[in-house]
Each structure stands twice: as structure tokens, then as C-alpha cells.
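K.L.:
Using the sequences and the hints given, assemble the complete structure.
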Amino acid sequence: MGTAHRGAAVARTFGGLPCKTPRGSGAASQLLRRSDADALSPFHFREARADLKVTGIDFLKSQNSCQHHTDAYNTKSLVVRRGQAFRLQLSFSRELKAADKLVLRFGIGKKPMKTAGTLLSLKPFSLKQKQDSSGWQISIVKSSGKECLLSVTSSPMALVGKYTVNVKTGTNIYKPENNAVYLLFNPWCEGDVVFLADEAQRKEYVLNDTGYIYVGSAYNIYGRPWNFGQFEEFILDACMYLLDNSKLKLSNRRDPVFVSRAMSALVNANDDNGVLMGNWSGNYSNGTSPMDWIGSVSILQKYYKTKMPVCYGQCWVFSGVLTTVMRCLGIPSRCVSNFSSAHDTEENLTVDIYLNESGEKLNSMSLDSVWNFHVWNDVWMKRTDLPAGFDGWQAIDSTPQEQSQGIFQCGPCPLKAIREGDVYLPFDSKFVYAEVNADKVYWVVRKVNGKDKYTRISTETQGIGLNISTKAVGQDKREDITAQYKFPEGSKEERRAMQRASSFIRPPGMAPRAFFAATVPMDDVDSKPEVLCEAISKTGLQLEITNKEALHPGKPLELVITVKTSAPGSWIVNLAGSCQLQSYTGKAEASLGCVKETVKLEGKSEMQVPLKIAADVYMKMLASLQDEMLIHITAMAEVQGTDEKLTKEMTMSFEYPPITVQMPETAKLNKEFACAFIFKNTLNMPLDNCKLLVEGLGIFKMATFDEGDVQPGRIIKSEIICTPTRLGEKKMVAKLTSTQIKGISVEKTITITE
127 MGTAHRGAAV ARTFGGLPCK TPRGSGAASQ LLRRSDADAL SPFHFREARA DLKVTGIDFL
187 KSQNSCQHHT DAYNTKSLVV RRGQAFRLQL SFSRELKAAD KLVLRFGIGK KPMKTAGTLL
247 SLKPFSLKQK QDSSGWQISI VKSSGKECLL SVTSSPMALV GKYTVNVKTG TNIYKPENNA
307 VYLLFNPWCE GDVVFLADEA QRKEYVLNDT GYIYVGSAYN IYGRPWNFGQ FEEFILDACM
367 YLLDNSKLKL SNRRDPVFVS RAMSALVNAN DDNGVLMGNW SGNYSNGTSP MDWIGSVSIL
427 QKYYKTKMPV CYGQCWVFSG VLTTVMRCLG IPSRCVSNFS SAHDTEENLT VDIYLNESGE
487 KLNSMSLDSV WNFHVWNDVW MKRTDLPAGF DGWQAIDSTP QEQSQGIFQC GPCPLKAIRE
547 GDVYLPFDSK FVYAEVNADK VYWVVRKVNG KDKYTRISTE TQGIGLNIST KAVGQDKRED
607 ITAQYKFPEG SKEERRAMQR ASSFIRPPGM APRAFFAATV PMDDVDSKPE VLCEAISKTG
667 LQLEITNKEA LHPGKPLELV ITVKTSAPGS WIVNLAGSCQ LQSYTGKAEA SLGCVKETVK
727 LEGKSEMQVP LKIAADVYMK MLASLQDEML IHITAMAEVQ GTDEKLTKEM TMSFEYPPIT
787 VQMPETAKLN KEFACAFIFK NTLNMPLDNC KLLVEGLGIF KMATFDEGDV QPGRIIKSEI
847 ICTPTRLGEK KMVAKLTSTQ IKGISVEKTI TITE
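In terms of the numbering used here, the sequence shown is numbered consecutively and its last residue is 880.
Just so you know, these hints were derived from the structure itself, not from any lab. Everything numeric in this text was worked out from a predicted model, so none of it was measured. Among these hints, one or two may not hold up.
To be verified - For lysine to aspartate or glutamate, the following EDC-like pairs were computed, each having C-alpha atoms within a straight-line distance of at most 16 Å:
| no. | residue 1 | residue 2 |
| --- | --- | --- |
| 1 | K690 | E732 |
| 2 | K433 | D363 |
| 3 | K681 | E781 |
| 4 | K726 | E770 |
| 5 | K556 | E528 |
| 6 | K674 | E781 |
| 7 | K237 | D398 |
| 8 | K806 | D835 |
| 9 | K542 | D578 |
| 10 | K373 | D398 |
| 11 | K771 | E586 |
| 12 | K329 | D197 |
| 13 | K674 | E684 |
| 14 | K817 | D835 |
| 15 | K771 | E723 |
| 16 | K227 | D184 |
| 17 | K433 | D398 |
| 18 | K573 | E483 |
| 19 | K618 | E546 |
| 20 | K874 | E845 |
| 21 | K664 | E764 |
| 22 | K329 | D602 |
| 23 | K294 | D370 |
| 24 | K288 | D370 |
| 25 | K857 | E833 |
| 26 | K722 | E764 |
| 27 | K542 | E619 |
| 28 | K817 | E845 |
| 29 | K827 | E359 |
| 30 | K577 | E483 |
| 31 | K508 | E316 |
| 32 | K542 | E620 |
| 33 | K272 | E221 |
| 34 | K843 | E833 |
| 35 | K428 | E359 |
| 36 | K187 | E316 |
| 37 | K268 | E221 |
| 38 | K223 | D177 |
| 39 | K202 | D184 |
| 40 | K433 | D397 |
P.N.:
What follows is the structure, given as C-alpha cells:
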């Protein structure tokens with residue numbers, strides 16, 4: 127890749143700059159010895175009296191940024207990482223002498239002060255200051271004529287942010303026109319708490335500006351391409367604006383624990399005029415639908431320009447933007463998708479699901495919910511604030527679900543604490559633990575003598591926290607990281623972790639927790655204290671939910687519920703099944719159809735019960751809702767003459783025609799090439815108000831094509847002329863939306879060469 131090539135060339139010119147400062151003492155000591163000799167000369171005495179003035183600073187941006195892995199940032203200013211040396215070239219009005227007073231000053235914040243540690247005065251001639259109390263170092267690498275090459279190394283615990291630089295010589299102060307230096311966290315430096323040893327992981331979790339966010343449902347997962355774009359124009363300034371507007375003390379800016387927690391609060395707009403306004407209402411008329419974003423760049427650029435929250439986001443958008451912010455600041459980060467994700471409002475490790483007699487979900491009865499997927503972030507750091515053993519990946523979440531310390535923020539919470547049930551540790555470990563480990567308790571609500579009667583149908587202990595996913599390192603494929611969050615279901619370690627977590631969380635006793643649970647008399651609750659224990663089955667009853675045909679919008683949904691028994695005997699099973707349109711947060715938006723049947727089974731046998739939904743039953747609903755809908759099927763079975771009851775849920779996604787991308791595999795830097803996006807409507811229905819959104823980082827800015835209505839069989843082709851401005855592997859991302867279909871995505875890679 128071009129970047130690596132340039133980096134190698136710089137290394138040959140300047141020599142590698144490791145985390146420790148190059149001594150440079152040889153040049154400095156020669157300068158001092160020569161000056162001592164010159165001091166005897168009356169000519170030198172007269173010359174030294176002339177004021178020394180700085181006439182210029184060269185920040186040596188191209189060399190420094192290559193060695194600091196910051197050359198991709200689209201900014202005129204110098205961007206460097208803490209704990210690692212960078213070089214500055216000073217030009218003077220005359221030759222520099224040892225007797226001269228030379229001070230390089232770095233300030234951060236509105237009123238930089240030495241006493242607050244926000245103003246650093248570095249003196250290259252001071253022997254005491256080879257390593258001062260701030261942890262910063264400075265030395266002279268080379269002094270020749272009116273020029274001096276300095277090496278500066280910030281502390282690996284330095285405050286992260288935007289510094290101003292000036293040079294003081296005697297009473298003169300020189301302020302360069304562009305005097306900003308951005309100092310970031312440094313995963314390449316062993317002394318930094320965000321140090322990440324593996325180079326492939328650093329490339330993925332810090333430098334990769336594109337990726338995938340995994341969505342769908344537990345057994346039907348697909349990746350949405352997402353442009354993080356942490357190096358694009360104004361993104362670094364937007365992140366600095368967020369830091370400045372956080373409630374963080376300046377002194378806490380050195381610590382990724384505080385910074386990541388503050389950013390988890392600021393990426394949502396709930397408390398602090400942050401980046402994104404969340405909206406799950408299905409009405410996005412005053413902003414952009416969460417489905418229409420294909421990356422973080424336009425969101426953060428708009429926020430930085432207007433200083434007002436951008437409308438609207440849902441969990442994958444919050445996570446994508448938070449990944450951008452973290453990677454931009456230098457903290458390794460990844461998007462994490464948890465399937466069948468519990469939102470346990472009372473932190474008691476159970477999520478109550480209420481069904482009517484047909485098996486349809488009753489939205490209005492519970493504060494708890496199970497989202498088909500929920501996306502948050504992991505960030506990498508040492509946890510010096512915790513007992514030993516909790517370093518590494520930490521969960522943070524910017525989707526506003528529950529307040530933490532009075533603010534909508536979440537984390538950082540060590541994955542190791544979640545895995546081992548150490549949920550007493552900060553921050554928000556109980557909430558995250560429940561998201562991946564809660565039990566689902568199913569209740570049927572029946573009318574008995576005009577009153578609601580609650581009957582517990584079943585408890586599912588392994589249905590939450592499935593197939594936890596992130597993008598694989600260096601590959602465009604999904605990596606399952608469930609084992610980093612939890613031990614295998616049913617293992618000794620998992621049971622031990624659950625018992626440990628329960629000792630900190632679960633109150634004794636068990637009852638349904640509806641909105642009005644406090645007013646429900648306990649005689650209306652048919653429950654047992656052993657609700658959390660799995661009963662031993664007499665019949666070997668099992669339920670399966672499948673689809674006969676692929677689920678294409680505009681076609682009937684052909685679903686099948688299979689009832690199985692595996693024990694000797696004759697069994698009569700009362701089956702109820704329902705099909706609903708559901709948003710990804712688990713909210714039922716429309717009931718499409720039900721089936722009720724009594725099934726007789728002998729010994730080890732099975733019977734299939736069809737559930738067919740006509741296209742016109744759901745198509746109007748699909749067009750009227752602005753969110754992407756999923757097909758949710760619930761089946762309930764009760765075996766007559768026994769206590770055996772079973773519930774099974776399945777969520778399925780519609781399948782859509784693809785977008786294809788036509789372009790060359792390689793292209794030349796700054797040379798035009800054509801990129802075409804082609805879509806054929808293979809569905810048997812028209813698609814109204816089609817929009818194609820396209821973006822290629824380092825190639826072209828986001829563009830929108832209005833394609834109007836696309837009839838069945840019609841092909842649309844949109845072309846864009848591209849001029850790449852950056853070397854290396856780049857990606858085109860495209861998304862098609864319409865009234866009926868909320869998002870078909872595609873991405874394709876092109877390599878840009880010199």
C-alpha cells in the first residue's frame with residue numbers, strides 16, 4: 127500500500143522514531159562545547175547580545191505523521207500520538223547559542239497554566255529537563271547555522287486534545303500562523319494504557335475507516351457496510367469539540383476510561399446537546415431516517431457545522447458514530463452486535479414476555495424487551511482503576527436506553543467481568559450482563575371472569591445473547607465473539623458465573639412485571655417459585671419454525687410450525703401460532719395471522735402445521751412504516767393431561783434483489799474513472815420513491831440519486847465519475863431505499879495506485 131511505502135521512505139530519511147526519545151545528546155553537547163570556546167571571543171559577545179528571534183517553525187508534517195500513523199487525517203495541522211517522539215525544525219534570526227533562552231511551550235484548554243499541568247514549557251538547554259515532572263522530553267537533534275532540529279516526546283499519559291504551540295526566546299514570543307498540534311492516544315506505545323500489541327488489530331481497530339455492522343436476527347445475520355471515516359475533513363475537529371463540551375475535567379482527558387464514558391454520553395443527544403437524536407417512533411419526517419445513513423461522516427460533519435443534534439439515530443447508527451469518534455481519538459474500537467439482546471429494566475436477570483391466547487405479543491404490558499439485535503462498542507484499554515485482571519476489551523454503549531449516574535451513558539465495563547459474573551464492578555456491568563444473559567419468562571394473559579389472569583408458560587434460559595458478532599480483523603467477514611462475553615451455555619463455568627452474578631442482582635421470588643404489576647392481586651398469578659429451573663420433560667416436546675420459500679416482499683409468506691414428541695405414549699397438544707410484523711426492538715407493529723390446532727402425536731413423531739400469510743395482508747403495512755420490518759413467529763404448545771408448556775419464537779428477514787457495482791479493480795491516484803451502480807427490480811411489485819445513496823471515502827463525497835418509482839423487471843443504472851485522492855484499498859458503499867424496502871446495501875473494493 128502507498129502509506130506503507132511512504133512510511134518506509136521516511137524511515138530511511140529520518141530513522142525510526144520509537145516510543146522513547148532519540149537522545150540527540152551528541153549534537154547538543156557539541157553545540158555547548160563550541161559555545162563555551164566561542165564565549166571567549168569579543169566578537170561572539172557582541173553577537174550574543176542581539177536578540178534571538180524565531181522566524182519560522184516547520185512541523186515536518188509529512189515525516190511525523192507517517193511515523194505516528196496519522197497521515198490519513200484530512201487537516202493542515204500536525205497530528206501526533208502521545209508517548210512517541212516527533213520533530214520540529216526551528217528557524218532563527220541568527221545562529222543559536224548555548225547561552226540563549228529557548229522555551230518551546232505547549233498549551234491546552236482555554237487558559238493554559240503550569241500549575242494545572244495544562245501549560246508545558248520545554249527547555250532544550252536545561253539538563254534538568256531531559257525528563258521533567260510532566261513526563262515530556264525535548265532534545266536538540268541537530269543545530270546548523272540558523273536552523274535547529276528538535277525532538278519532542280510527550281508523556282504516554284499526556285492529556286489528549288488540541289494543543290497550541292509557541293516559542294519563547296528571551297522576551298520574544300513566536301506564534302506560528304497554524305500553531306495547533308493534535309495529540310492522540312497511542313496504541314503503538316507500550317507506555318500508553320491503550321497499547322495494543324498486535325499490528326493487524328491496530329490496523330483494524332484504529333486505522334480502518336470502513337467496516338460492517340451486523341444486523342438481522344439470531345439465525346439470519348447480515349452485515350451492513352458502514353463508512354466510519356475517522357480521517358475525513360472536520361471529523362477530528364468534531365471530536366475535539368465533543369471533548370471540549372464534555373463535562374470532563376481537563377485532567378481526566380489522559381484516561382480512556384473517562385474519555386470513552388464521556389463519549390458514550392455525547393454521541394446521543396439526550397442530556398447534553400450531543401451528536402444524534404434517537405428516534406424509534408417510525409416517523410422521521412423532520413430528519414433523516416436511521417435506515418438512510420451509510421456512514422458517520424455526514425452525521426459528524428453536520429453536527430460540527432450546526433452544533434445541534436442530528437436527526438435521527440438508532441442503535442447501529444449510534445455505534446457506528448461512536449466507533450468513528452473512538453478510532454479518531456486513537457482508542458481501539460469495534461462495533462459489537464448482540465442478537466436476542468435483553469433490555470432488563472429492573473436488573474433482576476429476567477425479561478417478561480406477555481402473549482395473548484393466540485400467541486401474539488402484547489407490547490403494552492412490559493417495560494422489558496428483547497431486541498432482535500442491539501449494537502454497542504468495545505474499546506481496548508488497561509483498567510488501572512480496577513483490581514488486576516480486567517484489562518483488554520471494555521463494553522461501552524451510546525444508545526440511550528437507561529441512565530447511569532443520572533446521564534444516558536454506559537461503560538466502560540470489562541468483558542472479563544461480564545464473562546465471570548463480576549457485576550459489582552463499574553461501569554454498568556449489571557445492565558450489560560443482563561443484555562447477554564437474562565432469562566426469558568413467557569406469560570399468557572387470559573380473561574377469567576372479566577379479569578386478566580397470568581399463567582407462566584415457560585422459561586427459556588439460553589435464548590438471550592446469541593451469536594455476538596463483530597467484523598473480523600483484516601477480513602470482510604463476521605467474527606463470533608460470544609465466547610469473549612460468556613462461557614458456553616450449560617457449562618460449569620457458565621453456571622458458576624450466573625450464580626456469582628445472581629448474588630449481586632436477583633431478588634428472591636418471581637412474579638410478572640407488567641406496567642401495572644404492583645396492582646395485580648397475587649391470586650391472579652399462576653406462577654411457581656422454581657420458575658428459573660428447567661422442568662424434566664415427560665413427552666420430549668419440541669417446536670420448530672421454518673419457512674418453505676424465501677421471504678420475498680410481494681409474495682405470500684409460507685411458514686410451517688412443526689410439533690415433535692420423542693417419548694412413548696399418546697399425546698394431545700394444543701398449538702397456537704401467530705405471525706406479526708416486528709421492528710428490530712421487538713415491538714410488534716402489526717398482526718398478520720394466527721393458527722390454532724389440536725395435534726395428536728404417538729410416541730416419537732411430528733406434525734407440520736402450515737401458517738400462510740397472503741401478500742396483500744402485509745404489503746400495505748410495509749409501505750406505511752418507515753422502519754425495516756422483520757417477520758416474527760411465536761408458537762405456544764400445551765400437552766393435555768400434563769403440566770408441559772412450551773414457547774418458541776423465530777424472527778426472519780425479507781430477502782431483496784441485490785445492487786451490483788461496476789468499476790475497475792484498480793485506478794490511478796488523481797485520475798478519473800467511472801463507477802456504475804445497477805439494480806434490477808426482480809420483485810413482482812413496484813418500488814416507489816427509490817433513492818440510491820453512494821459514498822466512497824477518499825474518492826467522492828456522499829451523493830444521492832432520486833430514481834422515482836421502479837416497476838417490476840425495470841433496471842436502473844446510476845453512474846458517478848470518481849477522482850481518487852488517496853492511495854490504498856478503498857471501498858464504495860451504496861444503499862437503495864424505497865417506500866416498501868428500507869435498505870439494500872452493497873460495497874465493493876478498489877485499489878488506488880500511483
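K.L.:
State for each hint whether it applies.
P.N.:
Now for the hints, and whether the structure bears them out:
1. K690 - E732: holds (4 Å)
2. K433 - D363: holds (12 Å)
3. K681 - E781: holds (11 Å)
4. K726 - E770: With Cα atoms ~15 Å apart, K726 and E770 stay inside 16 Å; holds.
5. K556 - E528: holds (12 Å)
6. K674 - E781: holds (14 Å)
7. K237 - D398: violated (23 Å)
8. K806 - D835: Holds - the C-alpha atoms of D835 and K806 are around 12 Å apart, at most 16 Å.
9. K542 - D578: Outside the cut-off at roughly 43 Å; violated.
10. K373 - D398: holds (9 Å)
11. K771 - E586: Distance of about 12 Å is within 16 Å: holds.
12. K329 - D197: At roughly 13 Å apart (the allowed maximum being 16 Å), D197 and K329 satisfy the hint.
13. K674 - E684: holds (6 Å)
14. K817 - D835: Distance ~9 Å between K817 and D835 Cα, so the pair holds.
15. K771 - E723: holds (15 Å)
16. K227 - D184: violated (20 Å)
17. K433 - D398: Status holds; Cα separation ~11 Å.
18. K573 - E483: The given pair, whose Cα atoms are some 9 Å apart, holds under the 16 Å limit.
19. K618 - E546: holds (12 Å)
20. K874 - E845: The hint holds at about 15 Å.
21. K664 - E764: holds (12 Å)
22. K329 - D602: The hint holds at about 14 Å.
23. K294 - D370: With a Cα-Cα distance of about 27 Å, the restraint between K294 and D370 is violated, given a limit of 16 Å.
24. K288 - D370: holds (10 Å)
25. K857 - E833: violated (23 Å)
26. K722 - E764: It holds: about 12 Å lies between the C-alpha atoms, which stays within 16 Å.
27. K542 - E619: Holds, because 13 Å separates the two Cα atoms, which is no more than 16 Å.
28. K817 - E845: holds (14 Å)
29. K827 - E359: holds (11 Å)
30. K577 - E483: OK: K577 and E483 at ~14 Å, within 16 Å.
31. K508 - E316: holds (11 Å)
32. K542 - E620: holds (13 Å)
33. K272 - E221: holds (5 Å)
34. K843 - E833: holds (9 Å)
35. K428 - E359: holds (12 Å)
36. K187 - E316: violated (23 Å)
37. K268 - E221: holds (12 Å)
38. K223 - D177: holds (11 Å)
39. K202 - D184: holds (12 Å)
40. K433 - D397: Roughly 14 Å between the alpha carbons, so the hint for K433 and D397 holds.
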